[in-house]
Each structure stands twice: as structure tokens, then as C-alpha cells.
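Protein chains in written order, with the working numbering: chain A, 1 to 289; chain B, 1 to 298; chain C, 1 to 249.
Quick caveat, the hints were computed from the structure, so don't treat them as lab data. Glycine included, C-beta positions come from ideal geometry on N, C-alpha and C. It is possible that part of the hints are untrue.
[Claimed, not checked] Pairwise CB distance ranges, derived in the manner of DEER restraints:
1) Asp77/C to Lys97/B: 21 to 29 Å
2) Leu22/A to Trp9/B: 56 to 64 Å
3) Tyr288/A to Leu20/B: 39 to 47 Å
Listed here are the chains, written in short residue letters.
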Amino acid sequence: MKERFIEGALFLSALFSIFVTLGIIAVLFFETFGFFKEVSIIDFLTDTQWTPLFAEKHFGILPLFTGTFLTTLIAISVALPVGLISAIYLSEYASERIRTVVKPLLEVLAAVPTVVYGYFALLFVTPLLQKVIPDLAGFNALSPGIVMGVMIIPIVSSLSEDAMHAVPMGLREGAYALGATRLQVATRVVVPAAFSGIAASFILGISRAVGETMILAIAAGQQPRLTLNPLVPLETVTAYIVQVSLGDTPTGTIEYKTIFAVGISLFVVTFVLNMISYWLRQKFREVYE
Amino acid sequence: MDRKVFNKWSNRIFYILGLLATLIGLAVLVALLLDVLSDGLGRLGWQFLTSYPSRRPQEAGILSAWVGTVWIMLLTGLLALPVGIMAAIHMEEYGKKNWLTNLIEINIANLAGVPSIIYGLLGLGLFVRAMQLDRSIIAGAATLAILVMPIVIMSAREALRAIPSSIREASYALGATKWQTIWHQVIPAAMPGIMTGIILAMSRAVGETAPLITIGALTYVAFLPTSPISSEFPFFSIQGLFDPFTVLPIQIFNWVSRPQKGFFADAAAGIIVLLMITFAMNGLAVWIRHRHQKKIRW
Amino acid sequence: MAFKIKEVSAFYGGKQAVKNVSLAIQARSVTAIIGPSGCGKSTFIRCLNRMNDLVPQFRLEGEILYNGTNIYSRDLDITEVRRRIGMVFQKPNPFPKSIYENAAYGLRIQGISKKGTLDKVVEESLKKAALWEEVRDRLHASALALSGGQQQRLCIARAIATQPEVILFDEPCSALDPIATAKVEDLITALKKEYTVIIVTHNMQQAARVSDVTGFFMMGELIEFDITQKIFTAPSNKLTEDYITGRFG
């Protein structure tokens, strides 16, 4: 009798996570529904201006997503190559001792609060870059993008390294026996064999960059702009939500509802990315575990 | 060039490249720490820890911020712990292989990847508006508890999975029921691992900014939450849970976004405190895990 | 008769591990089960206290009567079965707790928490397991600090503490050195006075030393079941003879 009760409580706790997802969807949908009563979905998706806080309102999400796209692109062009090369080094070249020292140190990078990275991007990296690129504005996409990339390196390298580590030794030995160098074994045997695991880490890194907020709210600016120029201020989806939240926007106004409308767009994008990553990891596990 | 020589050199070059790629992250970490220390160390002091924020950078402090952070941290841990552990126990010990278990599993993997600001929107819609908790500590802690729940669940599951089945068998063989076995043997044995997960989850909560801004946590707070200990009967008070609050990362963000340069030093000093808390918690988590691994070899 | 086993077959999913075994086990005797690895002897002994119920997809056919009751009947409380039929495992598996708490656990889960009772039972069972003298002044030290042999005797004490009638031993010495093995064997012989003992072993000398009756298993079947002395001196089956003379296994 008592056991039954406990089991029920445990089951409900496990179900709780489902309720959380449903709650997120419900809250986002509810407010977004109100938003689309006032703004047409066509305008939302195609208008090239985002000015809900101005007198002349435009509700085109494209500028915000362009901002998110550009900063994510910069971040992953730092994180993916560096993370992958570092993972190959750690998995195929580094000694066990180096690995046990370096991996936890890299994970410290992931433990640093993002507001700290924002400070670093705004007050250290941007001034530094300005010495090389004089045209760089005080707020820009480049500097927070790079810092975000560095923040994501541990995600990519750690998960990719796990995937490469799971590749059976026999595959490597087969190639070594044919006289291949370490590099050849790594690039022609290990990386292809661990491909779905590595891809999963890439996509998780991208998802992380898309959802990152504070670095961009601090260092990228608050000017929604349809541009791919990394040197000028812009605004991302996430930074916009922060901007509105900081103001005194009354509940029920269209400005208030906008954050849920852009929130749901963000949720959908990251949801798809997370699912692809999950699916790739499952695929990888089926092969090697 | 000779093929063999080429192979040999490309191998060497890659070795150096790999080393560099691995060191970049660490180099950035060092640069970041040096930058923050050089900017903020001068502001750090007793006055900084015991003052409320101020219009004048030299007089500003983080009293309300760090007190808020401690409240939020403890409360988040307290809220996330029971549900997280219970969910993990269900999934590891009771979960049968069926579509529902699969769904829960996928769902948790997804929740772990949902951007933190989305949790802020959830908290805003659910706790602040629907449940009318307003911009209170409890609304903030509940939001963060949901945010860190996947971390708690995943680490608790790993800890439970590490308990060898021989321990479970021994308990069953003495006539223990399933729950007795879990309660008396499995959970205590998995406790260090579970604690590690909770501490990491709390350290994550300490660093979160965006969700708390979204639920409307204030950026300028010149008072403390009502103390949980009161001088009159019944000697404790939960009033503090419903008070407005701010936390360290929000205070830092506020200072970074000010145009006056003087506040940057305050921000840096705040960052030093924030990083000390985060690193201390991560260190504690590593220490618990390490000590436990040394002590018990199954 | 303590146990009457009638036409028992055991399956893991589609795989049959025990094939149509029938035998009877005398109370207060030592019965040894021998056979090459993978012969189903471990599966068999784990049927006797329903440990196999923990394995998903496990299925049993036939009847196992203990004192006349079918232990697999629906209305029987499985925890009661395991309380009366104790078990000691292949590898010592003390709980990561104190020596005292290991021995007291069986009583604690029955809801007994009076210190006087627990103290008494812990001391008695540790004495019966010939461990008392070695640990009496460090009862609250971690059980994991004991040597392998001591851990195994603690596991025996832990099983004794719940006052079972039967103790099952599943290759109890396979992880122990010869000296520790000798101690456990002496203990098994001594336990016979009060308990019904069934021991699975891959060590034929051990079976010959400690048991009164021996069953020889091969590929899930019970090939021969007889007085130990007869099995080892004049087996009636050719397979048994080949096995005990070391032609295979």
C-alpha cells in the first residue's frame, strides 16, 4: 500500500518534465495567439523591420533572426574547427595524464556565467579588435560572436572527444597496421566512425549559440537591423526579450506579447536542433554502445 | 615532396595545431580572469560587500545582490532536489521500456537544451502572472528550479546507475521490498553523486541572468528580503519568499550597461565575487566526487 | 524434506537455462550443486529464493515446494520467502555502511529498531559467522574496510541475522584466497546443525569436503543426484564420472 503510494509519487515526478514542456508551449502559445490577433503572421515573417517600441510599429522578425543567425555563424566558425581539432588532439594524440588535467579545465569555461563573458566581450575583446579593425563599432556582432564561440568550445570538444573515445581500438589498430600515421588514422578512420556523435555535438553547440542571451544583450547592441555586417550594432532574438523585460511594459500590450511571439520562434528553432542532436546521438550509441 | 616526408610533417603540424586549439580556451580563460581582476580588484572590499547599489560608483555595493543570490541558490536547490531525484529514481529503478518512458527521456534531453530565456518566459507567464507570485524570490527560484531540473535528473540517474546490482541483490535476498532496497541502500550509496549534481545545478542557477530579468527581477534594490529568522514567535518567517529581489549577475549586468565608466569597476568586482562562488561550488562538486571515488571501489 | 522440486524449467526470454529438474532436499544438511560453468546451476539456486524474479523476461515452469508450500504461488509474499531462505553471493557484497548496520539491516527492514534487540542479534550472528572476535571493537567501522574473506563472513552473518531456515550459497568462495576459503568452509559445516544449506560450487573438492548430498548439472539438466561420497567414488553416470575425473569442465 505504502509502496504503491511512493511509486505513484515517483511516477508523477517523472511526468513533471512533460508538464514543464506543455507549460512552456501553453504559455508561449497563449500570448502569441493574442499577438497574431493584432499582427498578421505574413508581416511577422516577411516584414524587414522590427520596431514594436516605436510610434510607427513594424513587426518583422527577420532583423532579429538575422542578428541571431550572424552571431551564431561567427560563434560556430570559431567553436567548430577549434573544438573538433582539440577533440582529435585529446582523443588521439594527448596522453592520459594531459587528458585528465585539460578536460576539467576546459569545463571551467562552461561554468563561467554568461554575464561575465558579456563583460569580457564588451570591455576587453571589442577594444582589442578595434585596434585591428578601426571601423568596428562599440556594439557589434563580431566580438560577442567570437566570445560565444570560445564559450561553446568545451561543448563541442568534450562531446566529440567522448564520441571518438567510443570508437573501438580495433578499427584504429587495423589502420595503424597498414602503416598509417596518427593523423591519417584520426581523419580517415576515427572521425568518420564517430561522425554522428561529432555532428550531434556540433548541433548542440549551434543550439547553444542560438539561445545565448547575456553576451549579446551586453555586447551586440539593441538595434534590430537586417544586415550581415559583423562590424555594426544589431539585436538578436534573445537580446530583444531582455530589452523588453528591462522596461516597464504593461501586461497585455502588444509590446508585451511580442516577447512571447519571438520566444516561440526561438523555442521552435532550438527544439528542432535539439531533436536532431538527440537523434544523432542515439544513432551513434546504437552503433558503438 | 616525398609522400612519406609529407605524411610525417603533416602529422607533426597537426600535433601542434591540436595543442594550440586545446590551449586557446585556456588562454581566453586566463585573459578573462586577468582582465576582471585588474579592473575590479581595487573596488573589492568590505564596503563593497556591505553597501546597497548607489548612483555614485565609488559608494555602490552588492549587499542586496549577494543576499539575493544566496536566497535564490538555496531555494532553487531545495525546490529542484526532491522532484529531480524522484524523477531519476522512477526512470532508473521503475521505468519499463515503453513509449511513455521514451517520451520522458527525449523530453528531458530537449529541456536540457531549451535556452534559459525561454524558461524566463515560462516563469513570467506561469509564476509571475498566472499564480500571481509577482517578481518575488519564490517566483525566481521556481523558474530556476525548473531550468536546472534536467541537470539534477541526469546526474542523479548517472549516480543511481553506478550502484552495482550486487548491492540491490543483497538487499532483496534479505527480504527487503523494492522501495526498502532503494531507500536504505541505493539512495545512500548514490548520495555523493546526487549531491555533485545538485551542487552543479545550483552553481548554474547562481550564474543565470536572462530568465530572472525576464520574470522581472529588479535591477536596483536597496533593501534586503525579510529575514527568515524572526525575534518573535514562531521565530521564523517565510515573508522573505515573497519579497522582490535582485541577484549578482543582474547587478553586474546593470553596471555593465551603464554609460558611466566608473560602474565598470563595480561590475568587475561583482564578477570576481560571482566567479568565486561559481568556482567554489564547482570545486566542491569535484571534491565530493573525487573523495567518493577514492573511498569506494565496488 | 525441506525442498521438493518438481519438474522445474527456467527460461530467460527464449533461452532455457534449467531443463525439467526434479529433486528433494533434506533439512539440516548440506547439498552441493556442481557442474561446468554455464550449466544452469546458478540459475537453479536463484530459483529457490526467487532472486530470478528480478530478471526481466524470466519465466519458471514446474513447482518448488518449500515445507509443502509452493513458493511461486501468487498469494505468497515474496519478501517473506527471501527472509526465510537467505542467500550469500559469489562476490562479497557488503553494503557500503558499517559492519553493525550490515548485520542489522535484515531486522531493520522488518521494522525492528530497538537497540537492545539489534545489539543482541548482531552479536549472535557475527559469532555464528565466526567474525565476532575480529570485529568486536570496530563494529561501526565501514564494512568495505574488511578483507575479502571477512566481508564474505559478514555477508553470511547478515543472512543469519534474519533467522532464516535455509541459506543458499552461490559460489561463495570463488573470490577468496585459500585461507579465507577454508574458514568459510568450516563455517558451512558448522551451520548445518541449524540450517539447511545449499551450495553451488565449481570446485569439486569443496563439494566433496562440505556436502552430504551432491547434484551434478550439465547443460541445464540434472545428470545425477546422490550421496556425495557415492558421486565422487562411484558415480552411476558416465558424464558425471568424466566431469569429476577432470576430462572436461
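Now for the hints, and whether the structure bears them out:
The hinted window of 21 to 29 Å between Asp77/C and Lys97/B holds, with their beta carbons roughly 27 Å apart. The supplied range of 56 to 64 Å is met by Leu22/A and Trp9/B, whose beta-carbon atoms lie about 58 Å from each other. Taking the beta carbon of each, Tyr288/A and Leu20/B are about 29 Å apart, not inside 39 to 47 Å as hinted.
Hint violations for this structure: number 3 only, all remaining hints satisfied.
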